[in-house]
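Here's the letter readout for the chains.
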Amino acid sequence: MTLHPIRLTVNGKSEEASVPAAMTLLEFLRERLYLTGAKEGCGAGECGACTVLLDGLPVTACLVLAVEGDGREVRTVEGEAKATGLSVLQRAFIEEGAIQCGFCTPGMIMSARGLLERNSNPTDAEIVEAIAGNLCRCTGYEAIVAAIRRAAKEERDRR
Amino acid sequence: MLGEFEYVRAKTIKGGYSLLAKAGGEAAVLAGGTDLLVNIRAGKASPRLLVDMKGVKSLDRLTFSPKTGALIGASVPLNTIVENRGIRTRYPGLAEAAWTVGSYQIRNRATIAGNLCNASPAADTAPPLLVLDAILEVASPRGEREVPVRSLFVDSKKTSLSFDEVVTAIRIPPVPATTRTAFLKRQRVKGHDLAILNVAGRYDPATGDLQIAIGSCAKTPVLVPPLGEPVPPDAPIPELARRLEALAIQVVHPISDLRATAEYRRALLPVFIRRLLEALLQQSDHREAIR
Ligand SMILES: Cc1cc2nc3c(=O)[nH]c(=O)nc-3n(C[C@H](O)[C@H](O)[C@H](O)COP(=O)(O)OP(=O)(O)OC[C@H]3O[C@@H](n4cnc5c(N)ncnc54)[C@H](O)[C@@H]3O)c2cc1C
Ligand code: FES
Ligand code: FES
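Going down the list, the sequences are from chains A and B. Here numbering that gives the first Met the number 0 is used: position 152 in the first sequence is 151, and no number is missing along the way. Here numbering that gives the first Met the number 0 is used: position 209 in the second sequence is 208, and no number is missing along the way.
Mixed in with the good hints, there may be bad ones.
[Claimed, not checked] Here are the simulated EDC-like cross-link-like pairs (lysine to aspartate or glutamate), alpha carbons at most 16 Å apart as the crow flies:
1. B:K10 x A:D69
2. A:K152 x A:E125
3. B:K53 x A:D54
4. B:K53 x A:D69
5. B:K13 x B:D208
6. A:K12 x A:E72
7. B:K218 x B:D256
[What the hints assert, rightly or not] Here are a few chain A residues that sit away from chain B, every Cβ distance over 10 Å (derived from the structure):
8. R6
9. K12
10. M22
11. T23
12. E26
13. L34
14. T59
15. A82
16. G96
17. Q99
18. G101
19. F102
20. E116
21. A145
22. K152
[What the hints assert, rightly or not] Covered stretches of chain B, as calculated for chain A (at least 3 residues, CB under 8 Å):
23. 34–40
24. 119–131
25. 249–257
Think of the hints as simulated: they come from the structure by calculation, not from any bench. Just so it is clear, CB atoms sit at the ideal spot from N, CA and C, and this is done for glycine as well.
Please take these sequences and the hints and turn them into a complete structure.
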């Protein structure tokens, strides 16, 4: 099995590694970098628990090869919080009760982050569409939509 | 780990097809991977080598002009197609079909080339590309050739392409500004599901030219045989729908699967033909999904 050298930026930090072709980006993040925020729910693109931003766009990391990450910029939920504390988006999830078991949360947050970066004032329909690929078995989604709506407003107000 | 395979990022189109040719049918092009990697993981595909064409710059381009139509590079993700103004205004049925594929995350990776080459009977971009008479630009060690989407699908999950052929682009011929296209899809849940039935149509009120295509209702997506006469914009829809249904049942063979029974598909068919005609002739909005 050939090992492929890769170099990528993860949460602003430059990383270098050698990976086998069949390693997914999700496995690389979790097992090599110990960034265990992104989860493997289905491994087939359906649940969104593994959502990360690849060059700013949400993708399911279970369906991206680690070698395909070479030269790219990846962001995970671990990049949300800053030294000053949780992000506005993370706090909105807590305040709206949008987290129960938390398994879907890292993926939800990254889908929401991707949405807020392309649309700072999304409608509820746009929020629902942005998280249509993220399954949550606990919350019933309403609190999640409310959290994203709230974070959008707070982020706008700060600017 | 997904399985046992090697990976090469091709730098040129020639580099890509040469690798495919050398692997003698044991290699596969990796586009978005949203079918291929899922199939590998499920043990339904076991290529020895994945040839990633996304490093080839020319495959990344999407150009549109009303005079020449659209040229969609094989690596262009569906979201880029959905967001393209030219595609949205001139081929709204295609934009709609691309938009209904999977979720936002999936569409940031998935491509039209992959959707067509995977050759699922339910491939959402197939019906609109059939009615638009789109053409695949294909390259192999034997040179370049054009393959109409209308002659691409051979069987469920089988295309007429050879193992050493790389799709480089999808070309959509220009259509008059008066041409309307529409796409309708029945699915169980938005964001996670293939179609139970998907239909697309193209209609030009100026010429009366009408074509419809149906997906998820036969071994391949199918073009319904033409009516053979122009359809005026005020044509009575119930009668027109009955005639098209009679033509459609010559080419569809609905089956039962985990998404729906053959009987349900057969019952949906006239409903979706009627709605499609209403969308094309009367411009009514029958799209089901949230927006
Ligand atoms: C959660 C989920 C939901 C989905 N929902 C839908 C849906 O609603 N509707 C739908 O139609 N599909 C759906 N799909 C299937 C899939 O996303 C689409 O078919 C997608 O368009 C495939 O494109 P890709 O770029 O990911 O192809 P890949 O997986 O990379 O490739 C698919 C096949 O095409 C071949 N191929 C790719 N590019 C080329 C090329 N340039 N030349 C030659 N061969 C090539 C590959 O070798 C492979 O055999 C879904 C998939 C998932 C995981
Ligand atoms: S684990 Fe990737 S989508 Fe479910
Ligand atoms: S909080 Fe449990 S899955 Fe969403």
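Hints and how they fare:
At most 16 Å may separate the alpha-carbon atoms for a hinted pair to count; K10 (chain B) and D69 (chain A) meet this at roughly 14 Å. At most 16 Å may separate the alpha-carbon atoms for a hinted pair to count; K152 (chain A) and E125 (chain A) meet this at roughly 14 Å. Under the criterion of a C-alpha separation no larger than 16 Å, the hint pairing K53 (chain B) with D54 (chain A) is consistent with the structure, at around 14 Å. With a C-alpha separation of about 12 Å, the suggested pairing of K53 (chain B) with D69 (chain A) holds against the 16 Å cut-off.
Only pairs whose Cα atoms come within 16 Å are accepted, and K13 (chain B) paired with D208 (chain B) is rejected, the gap being roughly 40 Å. Restraint check for K12 (chain A) and E72 (chain A): satisfied, since their Cα atoms lie roughly 9 Å apart, inside the 16 Å limit. Taking the CA atoms of K218 (chain B) and D256 (chain B), the gap is about 12 Å. The hint holds against a cut of 16 Å. Here R6 (chain A) stays apart from chain B, with its beta-carbon at least about 14 Å from theirs, past the 10 Å limit.
With a cut of 10 Å on Cβ distances, K12 (chain A) stays outside the contact zone with chain B, its closest approach being about 23 Å. Listed as outside the interface, M22 (chain A) is inconsistent with that label: its C-beta sits roughly 6 Å from the nearest C-beta of chain B, within the 10 Å cut-off. Separation of T23 (chain A) from chain B is inadequate, the least Cβ-Cβ distance of about 6 Å not exceeding the 10 Å criterion. Not every C-beta of chain B lies more than 10 Å from that of E26 (chain A), the closest at about 7 Å, which undercuts listing it as non-interface.
No Cβ of chain B comes within 10 Å of the Cβ of L34 (chain A); the nearest lies about 18 Å off, and the non-interface call holds. T59 (chain A), annotated as away from the interface, has a beta carbon of chain B within 10 Å; the closest lies near 5 Å. Every CB of chain B lies more than 10 Å from the CB of A82 (chain A), the least distance being 29 Å, so the non-interface label holds. Even its closest Cβ contact with chain B, about 23 Å, leaves G96 (chain A) beyond 10 Å, as expected for a residue assigned away from the interface.
Residue-level check passed: Q99 (chain A) sits 20 Å from the nearest beta carbon of chain B, beyond 10 Å. Every Cβ of chain B is farther than 10 Å from the Cβ of G101 (chain A); the closest lies at roughly 19 Å, confirming the non-interface assignment. The claim that F102 (chain A) lies off the interface holds: its Cβ sits roughly 17 Å from the closest Cβ of chain B, which is beyond the 10 Å cut-off. With 10 Å as the threshold on Cβ separation, the claim that E116 (chain A) sits away from chain B holds: the shortest Cβ distance comes to roughly 13 Å.
Every C-beta of chain B lies more than 10 Å from that of A145 (chain A), the closest at about 17 Å, which supports listing it as non-interface. With a cut of 10 Å on Cβ distances, K152 (chain A) stays outside the contact zone with chain B, its closest approach being about 21 Å. Three residues within the 8 Å Cβ limit are the bar, and the stretch 34–40 of chain B against chain A gives 3, so the coverage statement holds. With a cut-off of 8 Å between beta carbons, the stretch 119–131 of chain B has 0 residues touching chain A; three or more are needed, and the interface restraint is violated.
With 0 residues carrying a beta carbon less than 8 Å from a beta carbon of chain A, the stretch 249–257 of chain B misses the three-residue requirement, and the given coverage is violated.
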